[in-house]
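Those protein sequence lines, which keep their order, are chains A and B.
The first sequence finishes on residue 556 if you use the numbering used here, and the numbering steps up by one all the way, no holes.
The second sequence finishes on residue 556 if you use the numbering used here, and the numbering steps up by one all the way, no holes.
A hint or two may mislead.
Since copy identity is lost for identical chains, a pair holds within one copy or between any two.
Said to hold, decoys possible - The calculated lysine-lysine pairs, modelled on DSS-like cross-linking and capped at a C-alpha distance of 30 Å, are:
(1) Lys545 <-> Lys388
(2) Lys166 <-> Lys388
(3) Lys545 <-> Lys406
(4) Lys379 <-> Lys33
(5) Lys406 <-> Lys166
(6) Lys8 <-> Lys406
(7) Lys545 <-> Lys24
(8) Lys406 <-> Lys388
(9) Lys33 <-> Lys388
(10) Lys8 <-> Lys379
(11) Lys296 <-> Lys33
The set of hints was computed from the structure by calculation and includes no laboratory data.
2 protein chains.
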Amino acid sequence: MTDVAHMKWWGWGVEGVGFHHEDKPAFAPFVRKAVGLDVSTPPAPVDDFSSVEVPASRLSDDAHTALTAIVGAGYALTDDLERVVHTYGKSIRDLLRLRAHLLPRVPDVVLYPADEAQVELIVSWAVENDAVLIPFGGGSNISGSLEPPVAEERVIASIDMGRLRKLIEIDEYSGLATFQAGVLGPDLEEQLGARGWTMGHYPDSFTHSSLGGWIATRSSGMQSDKYGDIAEITKGLRVVQPGGTLVIRPIPNASTGPSVREAILGSEGRLGIITEATVQVHRLPERREVIGYLFKDWESALVAMHDISTSDAAPSITRVSDARETGFSFATRKASTGISSKVTAGLMTVLEKRGWDLDEICLSFIGYEGSPSHVARQKSMVGSVIRKHGAVTVGKGPGALYDQKKFDTPYLRDFLLDRGAAADVSETAAPWSKLLPLYRNVRAAADGAYAQLGTEGWIMCHLSHSAHSGACLYFTFAFVHDGVDPIAQYDVVKSAIQSAFIESGGTLSHHHAVGTEHAPWLEADISAPGVGLIQGMFDAIDPGKNLNPGKIISSE
Amino acid sequence: MTDVAHMKWWGWGVEGVGFHHEDKPAFAPFVRKAVGLDVSTPPAPVDDFSSVEVPASRLSDDAHTALTAIVGAGYALTDDLERVVHTYGKSIRDLLRLRAHLLPRVPDVVLYPADEAQVELIVSWAVENDAVLIPFGGGSNISGSLEPPVAEERVIASIDMGRLRKLIEIDEYSGLATFQAGVLGPDLEEQLGARGWTMGHYPDSFTHSSLGGWIATRSSGMQSDKYGDIAEITKGLRVVQPGGTLVIRPIPNASTGPSVREAILGSEGRLGIITEATVQVHRLPERREVIGYLFKDWESALVAMHDISTSDAAPSITRVSDARETGFSFATRKASTGISSKVTAGLMTVLEKRGWDLDEICLSFIGYEGSPSHVARQKSMVGSVIRKHGAVTVGKGPGALYDQKKFDTPYLRDFLLDRGAAADVSETAAPWSKLLPLYRNVRAAADGAYAQLGTEGWIMCHLSHSAHSGACLYFTFAFVHDGVDPIAQYDVVKSAIQSAFIESGGTLSHHHAVGTEHAPWLEADISAPGVGLIQGMFDAIDPGKNLNPGKIISSE
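For reference, chain A alone in the conformation it holds in the complex (with noise of 0.2 Å):
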């Protein structure tokens, strides 16, 4: 056993943590409407892990010797546990799939390196013995970037990164740290933090998912509007190739030809193994609020945000649940915590009055940070297209529970599945003159798939990440599923919502990669020169295939 630690084998985040309704009297009801799912059914029980058939290693103890040679003792692991555990990322269909016991192809080897040279000799080793290679970082994932091919007849090692975690260094007046590629968030940010910093990368895995991760997938977090996702946040780079270790120096801006840095960011293991980074970092804001406003319709919601993006106003969130998000959010408030239920009943009945109808009201969250000037500022500004809009704010109260629930969402994905539903999440970006068109594209394909497969289905949506020309548009969607073949279902699902994304000029993905996941629409959303370029960098860097075959382009 090393000292890193892993999510459950078989769901979402650390053991003995979970998510628990009975405080929240209207998550019950709430759930009954949405999918027809009584929560009150006796949750299946997990099998325990003696009980998990996992394939042979194929790993040859020579083999073994020398990977243990490079890493030390204890460092290359092949127990079924340490196998199982990376194996896959955490998406529905991985979390079906290991309670299904489904595991065709497993890693042969677990290694934990402690340090790039480590890494170095992992990487000519693979390609000596012609081995496969995959980077594993937190291990939240939901694109199956992390699963070894099926067909896959060389010895598969997973690489964790977890026991590279060190802040090397901070160029203070450069608002620059150098860090190991396998920290996790809260590691990061509490290494920076010591000293008044932070990164502000908040992405929804940000528990469990690491700085590696983040940028092999080109990762997003809650406040990017102003800390930028993680190809801007992410400056200069070593990554260990086949023919070399790659130093992508930190440079604000260069003009050296096509970008060798974003070409690593989503990359997904495929150009190599992200050793370090050297990220911007900011001194902790003075003030930091999260606002929250509450807008007529969904109509009127997104003109609110993309008048935002527009004027001179530079929130660090902007972001806009629909309808039934809002609903689903007031659904899973403790009766105690939050907008006291008295005083939103309170605030419903004016709303009434005025005419609001409440099934379409939108829960919008609006963050601001620096100093108690620029912040009372940014709120004035925000304020004005607000209220243009019709829209009121209901304070900080909201803010202040989003900000303390908002990584808690996955937790409750294995309890419905616990309970016979599935669910998980599909995200897109589109033109401001888009989103609209799209969002109702994206319902009535989810529910165009709920009809065909004959189940109750929800899918529900927020907006976030607002750039100059467009947002992002982040689906939730579940349905109770028939037990006898979920996967078929989640996918007859999914495919419709990933080709509605298309079709309505949306990308695959804002900020979950590829991976296998969404590599059926790569063609589709880059065209097929654009999937030739990828190609073409992936056989320069690594001819042999050693690195994480599969991903991005799966029809190799």
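With the hints as your guide, set chain B onto chain A.
The following block gives chain B in isolation, referenced to the frame of chain A:
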């Protein structure tokens, strides 16, 4: 003759326009002091084009007929002036070669396609007939990106994109405009301005550079702090490649693997011919102000620029000249404009009384855009930083003057060259912590080069394009050449400066591309594996090396 206008064959800009010093009394003494040149020396006459010996076109009659069938009669030109105009860009190396009639290899034909379909036919023709294609926008490049390889035996065609200049569409709600790639700066802004929009991209070459050229070289404009570099502005692309036409749809941010969009940016024609781009555009700002400030010295000025970048302020321009460039700026003022000399004299007396060394003063311009209240707020935030560093405001006068003459500097280079002095620019970017040592190293490297040459030389600098983690330093250098081998002398100076960039933690260029001029430093900048990745892209898209071979990676 087509209706596509070109610059002078021997120098910058349009016929009949040049730099004059007679109305700038301080200019002659300044130049005498800086490089020991007497500007009253009568200028060397520029040769009549008829005296230039131009190698014959290698294009066969059959090929000429085939190409004329593609682009139409009068648009496949083989006359000498056309071919010489398309041989080089406008670096000092280019100007020296043109004036010395050094034309060892010129394009064999200049093609003016009318649309993307014709470009596709040209690319197919080139691949089938193993010819070389070099795309040409405004011809302002100073990195050798346009020149035919001297040893190239195959037919070389320059593709002048000047006829592709239409605004195809504005998506007003998304702030996205789609243009044909050959459109020049003024034409682009005029088409946008007529509908109330601006792209806000104003590089020094603006009047004679094209959208496609900006994209192919990773250009940056003066107002990049607000509008972004061209890499951020460009959202969608169409690129004709040998394997088909690459289409990148306009998406605000995507997670589709290694970025193909960012591979085309800076590709200098090696990954195809850019025919169309969708770019971010903004409503013309309600108010725009450029305010001048004076700093006591360069050191305090750099700290102030850093502090503005870490403050809540978001100006559209941050720019400060070192003492030498400030002196140059004052020396090129007309006697009767700008800060009137009386006011200047009065201010200088005050500053001298405060203990300032007038030879160390640094002139800064900060730009503000937005609503009147936003501009006022930004000015006030910047003002606090400025004052903290002891600087004084000199108001709108110098800024207005800067706005007027910002595109005139290249004409001065021809004026100096007429009189025996060679001048050019080199620029870089680095983290904030490295800028001052880099600046000192570059000054020392240039002075070392001048000493080695035994000539009087000059180098001056400004900071521009502030980013969170660093900025661009832009150097202009000049020396009186020996009249024997000025190119060899230039190489000594240029090489010393570029090497100092890399050794001091800077990049080979922030926004002038690699071309052939900066290619010797590419490996030191992005490491050998980085060069290998770029080579892999070229090999994948252009296995026949038909697309602008020898650029970016010259060692092939």
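Each hint tested on the structure:
1. Taking the shortest Cα distances, lysine 545 and lysine 388 never come within 30 Å of each other, neither inside one copy (56 Å) nor across copies (57 Å).
2. For a Cα distance limit of 30 Å, the shortest separation of lysine 166 from lysine 388 qualifies neither inside one copy, at 48 Å, nor across copies, at 36 Å.
3. For a Cα distance limit of 30 Å, the shortest separation of lysine 545 from lysine 406 qualifies neither inside one copy, at 38 Å, nor across copies, at 52 Å.
4. For the identical chains of this complex, lysine 379 and lysine 33 are neighbours neither inside a copy (37 Å) nor across copies (54 Å), given an alpha-carbon limit of 30 Å.
5. When the C-alpha separation of lysine 406 and lysine 166 is checked against a cutoff of 30 Å, the pair qualifies only within one copy, where the shortest distance is 26 Å, while the shortest distance between copies is 47 Å.
6. In the homo-oligomer, the alpha carbons of lysine 8 and lysine 406 lie at most 30 Å apart inside one protomer (20 Å), although the nearest pairing across protomers, at 62 Å, exceeds that limit.
7. In this homomeric assembly, lysine 545 and lysine 24 never come within 30 Å of each other (Cα to Cα): the closest approach is 50 Å inside a single copy and 65 Å across copies.
8. With identical chains, the CA atoms of lysine 406 and lysine 388 are at most 30 Å apart within one copy only, with a shortest distance of 29 Å there and 40 Å across copies.
9. With identical chains, the CA atoms of lysine 33 and lysine 388 are never at most 30 Å apart, being 34 Å at best within one copy and 61 Å at best between copies.
10. With identical chains, the CA atoms of lysine 8 and lysine 379 are never at most 30 Å apart, being 41 Å at best within one copy and 53 Å at best between copies.
11. For a Cα distance limit of 30 Å, the shortest separation of lysine 296 from lysine 33 inside one copy, 22 Å, qualifies, whereas the shortest one across copies, 70 Å, does not.
The structure fails hints 1, 2, 3, 4, 7, 9, 10 (numbered hints given earlier, in ascending order).
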